[in-house]
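A.B. asks: Here is what each chain is made of, one letter per residue.
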Amino acid sequence: MSFLPQLIFLIILLAAGYFLIKRVKFLRRNIFLGKAETRNDQPEKRWKTMLLVAFGQQKMFKRFIPAFLHFFVYVGFLVINLEVLEFVIDGIVGTHRIFAPFLGSAYTVAMNIFEFLAVAVLVSCVIFLIRRNVTRIPRFTKPEMKGWPAMDANIILVIEIVLMIAILKMNAADQVLASRGVGHYIPVGGLFFSGLLTPMFESFSSEFLIFVERAAWWFHIVGILAFAIYVTYSKHLHIFLAFPNTWYSNLKPKGEMENMPAVTNEVNMMLGIPSDAPTDPPAEIGRFGAKDINDLSWINVMNAYSCTECGRCTSECPANITGKKLSPRKIMMDVRDRAEEVGKSLDSGGKGLEDGKSLLGDYITKEELNACTSCNACVEACPVNIDPLAIILEMRRYVAMEESGTPAQWNAMFQNMETSFAPWKFSPQDRFNWAEKVKEEEM
Amino acid sequence: MAEMAGKGESPEVLFWVGCAGSFDDRYKAVTQAFVKILNKVGVSFAVLGPEEACTGDPARRAGNEFLFQMQAVANIQVMNGYNIKKVVTACPHCFNTIKNEYPALGGNYEVIHHSQFLQQLINEGKVALKGGGEFKGKKITFHDSCYLGRANNVYEAPRDVIKALDVELVEMKRCKTKGLCCGAGGAQMFKEPESGKKDINVERTEEALATGASTIAVGCPFCLTMMTDGVKNKEREADVKVYDLAEMIAKDMGI
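So the protein sequences, as listed, match chains A and X.
For the first sequence, numbering that gives the first Met the number 0 begins at 0 and goes up steadily by one.
For the second sequence, numbering that gives the first Met the number 0 begins at 0 and goes up steadily by one.
In short, the hints are calculated from the structure, not lab data.
Think of the CB as a built atom: it goes at the ideal place given N, C-alpha and C, for glycine as much as any other residue.
Keep in mind that the hints are not guaranteed to be accurate.
Listed next, the in silico BS3-like pairs over lysine-lysine satisfying Cα-Cα at most 27 angstroms (straight line) [what the hints assert, rightly or not]:
hint, chain 1, residue 1, chain 2, residue 2
1, X, LYS190, A, LYS324
2, X, LYS177, A, LYS44
3, X, LYS39, A, LYS436
Reference excerpt, derived from the structure (chain A facing chain X, CB under 10 angstroms, subset only) [as the list claims (entries may be wrong)]:
hint, residue
4, LYS44
5, LYS61
6, PRO65
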């Protein structure tokens, strides 16, 4: 027996591993272009959130039909990967269905479950393709989805369909060969779904079936490895990042905006309030708010890489619903695109963040930022707890405090607040005037 | 408050009136209704009057952190000076800011929204509702304000208050966690909307009108303005009214 297939398999496996590690390092570096932030309080609550939201798909089920279909794909992904383990061992050791003799009839049950899931994944992906391309669900056809994002989604669905077909075809050919007692093929006994395909294969010669079975096996395992690498270039990273992303969820009330201690120090100094902060000016004067990805927290950037562009945020955004330019999904896509751009530039010895571009202006416009009502609908809608609002508000801080670029009506509101302590121009002395009517009536 | 402090008294609760409650003609009526309820029930409360300043919420959401903190620190100094422990307010924006954002600046108080306060008064039997008032049996829908609902997870208190009026509470298609904003949050109240195909308050009002309710109940000054404008835009002001919860309770109590 030749060791060539095993050698080829090992080389492919190592090469895929090498590329994956390289990609993971690239993504990790990009995420940490964001500012340091420690968010690991209440670990118990964090594990629970991750279990419920990521593992348990809790927020997906706010919309039942896609949640149901997605659930099959998700469980299929988790469970069919167990079979991939067998593929890898078989590929390295040169065995065939190494687990079958150990598991006996349990193996048949497992294979049937895998096949059922493969069919469920296949059907779900076909329906997803129809939803995106035929019935054209509005959230999949927004302007930010034009071009690559729409293509990316379709590629992923097609790859998943093809991989599932390969599994079923492989099992069908495999079992026809086993029934003929050819070589090392083991009768697994009673595979329901691939059993439906066997009549198609029975008229072929065993040599041809061995070719089909081997081709499907190689296609499936190489396909999965290629898909794993593709994922790192696509919007599909949520399959891994959903877990850390939900673990690092914002556990504070959604209405709370993060305080800026640097500003507190200055305000205290201005008002003559003693503060416990050091009196020396900080060595490095940071920027107020966010102009580019390095002004955001690494959690914001991880949020961006976790986004799978489902658009539930955008479809619930009051600004977007009423035709404004703002789309919370686009905010996330922009953050990721900018992080990718900076990362690639750094890797090719380019200028990185100093390339004359920035997230604000080149990717996200003030018009988009100014349309936000801070209503938290996007945050509530996200199935993996992404927070687009935090990014919008950080960028507004930059526009207001570094550029003085807020709309004129907001500037007028600021002025009123400075001079009369209310957003409208009323005399502070009149604040209690409403009481006169109550006093009159109650007299 | 200054008067009470002068006499060495301290109130059970500070009523934070807010800028809209102090200056907006429509919302002054809400302030007055709430104060009449408090007086009727005999709650010991105080207001800061001219010593109150904007919480700074719209400045912060518009990005002006300096201005926000100037307002916040000044307010906290006043409240801490009077040794305030508990605050009630009829504005979800003030509620959110004082409750969630003042602690980081040294202001720690128990903060409740007036819907929660009214709910407590009703549950304790302190507010006796006739239930036969002008709302009896009518269809009423409640518009969730973002800063009460999603921002702070208060969904049931305002609904309990409405239900106590012996009315038919009808929900809009988008309600509670999925509630649609009125369009005024995030400092939008203080500028024209960005260009689009529709105003948010019109979109929301259409949804409220679709329930067939004769009253749209709100618990927020900005929502009150936006929904009232929306009803006007749809030319339905003759048959559909927009009221704050406190106004509805005061009306039912006949005060």
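A.B. asks: Any of the earlier hints contradicted here, and which numbers?
C.D. replies: 4 and 6
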